[in-house]
Each structure stands twice: as C-alpha cells, then as structure tokens.
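If you want the building blocks of each chain, they are given just below.
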Amino acid sequence: MAQIQPTLDVPEAIAEPLAPIEPGVARKSRFRIPGWLRLTLRNPKARLGLGIVLGMVLLGLVAPLLIDASKATEFSFDSRQAPSLNHLFGTTDQGQDVFAQVVWGARRSLALGLLAGVIATALAVVLGVFAGYVGGVVDDLLNLVTSVFFVIPTIPLLIDVTAFLHTRGMLTMALVIACTLWAFEARILRAQALTLKNRDFIQAAKVAGESTRRIVFGELMPNMISRIAAAFVLVFYIAILVDAGLEFLGLGQMDKPSWGVALYWATVNSSMLQGEWWSFLFPGLAIGITVLGLTLVLAGIDEVSNPRLRTERGERRFLRRAA
Amino acid sequence: MRFILRRLGFYVFATWVALTITFLLPRLMPGDPIGGVLQHLSPAQIQSNPGIIETYRKLLGGGDQSIWSAYVQYLQRVVTMNFGISTSNYPSKVSEVVGRTLPYSIVLVGIAFLIAFVLGTMIGMIAAWRRGGGVDTLFVPVFMALGAFPAYFTGLIVVYFLGLKLGWFPINHAYDNGSTPGFNWPFVSGAVRHGILPALTIVLAYAGGWVLNMRTVMINTISEDYVAMGHAKGLRDTRVMTRYAARNAILPPLNGFAPQFATAVGGVIFIELVFSYPGAGYTLQQAALGNDYPLTQALLLVFAICPIVANFVMDIVNLILDPRVRAS
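Protein chains in written order, with numbering that gives the first Met the number 0: chain A, 0 to 322; chain P, 0 to 327.
It cannot be assumed that every hint is accurate.
Where chain P lies over chain A, by a calculated footprint (3+ residues, C-beta under 8 angstroms) [claimed, not checked]:
no.: 1; stretch: 146–156
no.: 2; stretch: 160–174
no.: 3; stretch: 246–256
no.: 4; stretch: 286–298
Stretch-level coverage of chain P by chain A, calculated; a stretch enters the list once three of its residues show a Cβ under 8 angstroms from a Cβ in chain A [said to hold, decoys possible]:
no.: 5; stretch: 118–128
no.: 6; stretch: 293–303
Rather than coming from a laboratory, the hints here were simulated on the basis of the structure.
Even glycine gets a Cβ: it sits at the ideal position worked out from N, Cα and C.
Please build the complete structure, drawing on both the sequences and the hints.
Put into structure tokens, the structure is as follows:
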C-alpha cells in the first residue's frame, strides 16, 4: 500500500522541515502517518485551523471546570450586565451567563458536527465510492437521488422536518442533518472515484481477480482518504452551521445551552436594539471561529492535494527554504 | 433540443419528488399534526369554516382512506392551490399568504444574489490573475472569514452598525408605514431603502464563495496554452484576462450558480428573520413555530420549485454560452 495520494507531486527533498509537533513521535511513526496527512500538518493554513478547532474542543471539554451548566439556562436577577470579571461575556435579558452559553454550547455544536460528519461520511463513502466504481444502474440511481437533493433546498426541508419533531436533542438533530447532507458528499466522492477507476493499479487489481468489495475498500478508498477527510470536514462544519441556524429560527432545544439558542433569544428579546451587543456577539463569534478553523483545515487539505492553489509567495518561501 | 428535453424531464421528476416529500412528511412524522394545527383555531373559527378539518386531513393525513387515494386528493389540492386557511394568519388563505410574501423574497434574493455573483467572480478573477497581489491578499482572506460566519450573524452586525449606530437605513420591515404596496413612488422608494441592508447582508455572505470558486478555476485556466498565446500576440493584459482566461474560467462557477441559488433561497430565511422582512422565509419560520403545517407545506413546495425554475433558466444560459453543451 505504498501508493499515496496520486495528485501529490511535491518531492520529499524540497518539502519544509518537519512540523514541530512532538518530533519524537512523528519520526517514530514516519511510516504510519500517511503522506497527505503529514503534508497537511505542515501546511500553515491547516495548522492554524487545526489549532483553532482543537482550542474549541478543549474549551468544550473543560467546560464543567470553568462554569456551571445551569448558569447558561437558568434565569437570574443579574440580568443585562455588560462583560466584566464576574460575567466574562456579560449576561442576557433573563440573567443567563453568556460565557456559560458559549463554553457549554461548544459541546453540543462540536459533538453534533462530529456525529453528523461521521454518519454522512460513512453513507457517502459506501454509496458514493461503490456506485462510482461499479457504475451502471446503481450509479444512475445514486446520481438521480443526489441530483434531486441538489435542487431541493436543505434549510426549508429541515425547517419543515423539525417543525414536526417534538424532541430536538443532539442525537436526533445529528441524524436528521446527516440524512440531508450525505447526498452531496456522496456526489463529491463519486466524482473522485470515477477519476481513479481507470488507473493502472485498479485495473491491475481487477485483472488479478480481486473482489469488487476488496477493490473498493482496499484499493480505491485508501487512495481517496484525503478527499474523504476533506468531505468529512466540509460536512462537519455545514452541520454545525445548519444546526445553529435551525436553533436561531427557534427550532432548537430551548432548555439546553447552545450557540444557536443563545442567538435566538438575543434576537427575540431584541437585545441588540437595546445596545446589549454582547449577548449575540460572543455566541456568534464562537460559531464563526469554529467554522473558520474548519474551513482553514479544508483549505489546507485542498492546497496539499492541488499545489497550484498555493500562492506564489508561499511557493517562493517554499523554494527558498529548500535552497 | 434533446439536452433541453432531458433536463426538463429531470426537473419534472424533481418537482414530483418535492411533492411526494411534502405529502409524506406529515404522515411519517410522529405526533398528530391535525391536532397541532387545530389547537391554534378557536371552536368558533372552526365552526365558521365548514370543511376546514376535511381540507387539513387531505393535506396532512388522518382519516381512513387508503394512502393512494389520499395521494391523488393531495395532488389535486396542490394543483388547484387549495391549502385551506393559514392558522397563523387567520383568516387569510394559505395561497393568499404565499402570494403576498413571495414577491418580496424573490426580488430581494434575485437582485442581491446576482450582485454577489458578479462581484465575487470579478474579485476572484483579479485575485487569480495577480496572485499574491493586493486584491488577492486583502479580499480573499476577508471573504473567507465572512463566509465562515452565519449570514444572520453578519446581518445582526450590519444592523447594529449601519442601522442602529449610524442610522443610515431602516432596520426592519420591507416598506414605510403608511405606504400601500403597489406601483407608487412612496412604496417603491421605501421598499428600496428597506431592502438595502438585507441585500448587503446577502452579498457579504455569498460573494465569498464565488471569489474562492472563481479564483480556483481561474488559476487552472491561466496555465493553459491559449492564455500564453494571447500574451504572445501582444494583446493588452486586461483583454487576455477577460476574453481569454475568464471567459473559459466562468463556466464552472456558472454551473454552480443554480445549486448555490438553492442554498441561498434557504439562507435568506435567516436574513429575513433578522430584518423582520415580510418575505416567504420569515413567514415559513413563523409558520413552523406556530404549528401552521398547511402553510409550511405550501412554502416548502415553493422553496423547492424556485430553485428548479432557476436551474432550468441556468441550463438555457449555459446552452447559449458553452458550445460544447450545444454540440452534445
């Protein structure tokens, strides 16, 4: 399985020095970390993005140590406070602590994005790659389904679905969102599988009498892994945006802390018109920064698999370091 | 011609799928949608509209007929646009509510999305042409960051600064109080002023995607031989950029226009909510919160059909622009 991502044409010799991520570990597992991942980790955009996302994950993980969850949802008389040391991000109209809403909201959004990403990617990989390779009726059918999903707008559909739902917990929403997003992911992966399908190593495996299942999962997929990772990141952040959006429309779980619900109440109580900018600024920034981090990771993966996208300045630096 | 017929066939199929989804949703979901709707009407209101329960049954399910005859009756209702009464806009009919709110959304999204497309592709074109130059280093990161924030958040920031702090533009509703909708100056001028902030938000939110998309394609196009030939012929730089490189680079973004439009139609719901803009999206949100299922059903259909129409229009534009499509 020495075949790495075929689009990578950066010679090892001029690659930048190894990223300062625990050099000992990196050297030891040199043969286990796939090439595209190593290159991605060296890409400055991807590194910045990964740093942002990991920071958010950490914030969500240590939330219980920072502040009590009840502060994010329970009413108190300490309302409409501007940011101060007592309330780092201020308080809302009903006296909920905005900082608590942000750190506890991180848990819901990240867990939901991860879960929806995993479900949608699993569906998309199995159906998309398989259909792309096998072709024929299976492929036509998948193509038709994904084309229809392409023209029917996701948000109105999800609004309609959630309007009928009575429980809008994290699991339910992750499932619903994954079911609407997998199709477009499958389309991306199918297109990638089509370009790989006629390469020599696939043909060789076919001639050698490998089973279809083995070719799809043993030959095609390992060579698409960077594309699959990119599609996963894409669904990850779209799911976060969609979920927060539905909550912002008032179609969320109102008794649990989350970014979208915080923004919903900020709008409903017209906090902004009363000059209480903090009650919508911080939850909004939390969504934006998380998504920006994920977009940067995605851009990093893209640049690694398509070197043309790098700016000339980046390339010059690249060559200078090599010299 | 065959191309158009094939696409037309696909759009008929997509419309049928949208119809079937709206038919199946209330019937597959847990709970009792009819009960939910009727909660929002008083007994007197139900009594003064005989046949209303029957209408809701045909739309949302319930009753004891077979699913096939229910499906046929549902399709009849949709074709005749008979969705009964909207509980959240009592006593208006659903079809009236849709007819009243939809034009605002279509005009707003149509104009703003077109501006975003033109602006975005132009910035993307220049950014790719002078890679690492001023436009590339300034606009590309700014739009990338803007694209990461939800459109409604950008909208709230726009409202806060341009509407509230500076007071330049009205921050909610679609026209001035006291003017009557129609072709008269107070209404049209008011509608334009009220539309500026929502339109600006849409442009800020969606131009970024076009910038990145166009930049990526354009970078690949620049290394083509015919661009080098354009330079070798001694043509002006801008002419090579627009007539040689961009003319070919525009095709993939143009193909992405219609799917993007479907996303934008969904995204406009948030922007309408931020600005309390009385369009179809704001109405859908209100209907969803108020269990007004007949209205959500009708609006979902509208939201599904608008992009289908837009897709078809784009196919025809594509046919005119790209000779390869004509040949196949």
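To see whether the hints hold, each was checked on the structure:
Coverage of the stretch 146–156 of chain A by chain P holds [criterion: at least 3 residues with CB-CB distance below 8 angstroms; count 10]. By the rule of at least three residues with a Cβ nearer than 8 angstroms to a Cβ of chain P, the coverage given for the stretch 160–174 of chain A holds, with 6 such residues. Coverage of the stretch 246–256 of chain A by chain P holds. Counting CB-CB distances below 8 angstroms, 4 residues qualify, and the rule asks for three or more. Coverage of the stretch 286–298 of chain A by chain P holds [criterion: at least 3 residues with CB-CB distance below 8 angstroms; count 7].
Here the stretch 118–128 of chain P counts 0 residues with a CB under 8 angstroms from a CB of chain A, which misses the bar of 3, and the coverage is violated. Coverage of a stretch by a chain is defined here by at least three residues with a beta carbon nearer than 8 angstroms to that chain's beta carbons; for the stretch 293–303 of chain P and chain A the count is 6, and the condition holds.
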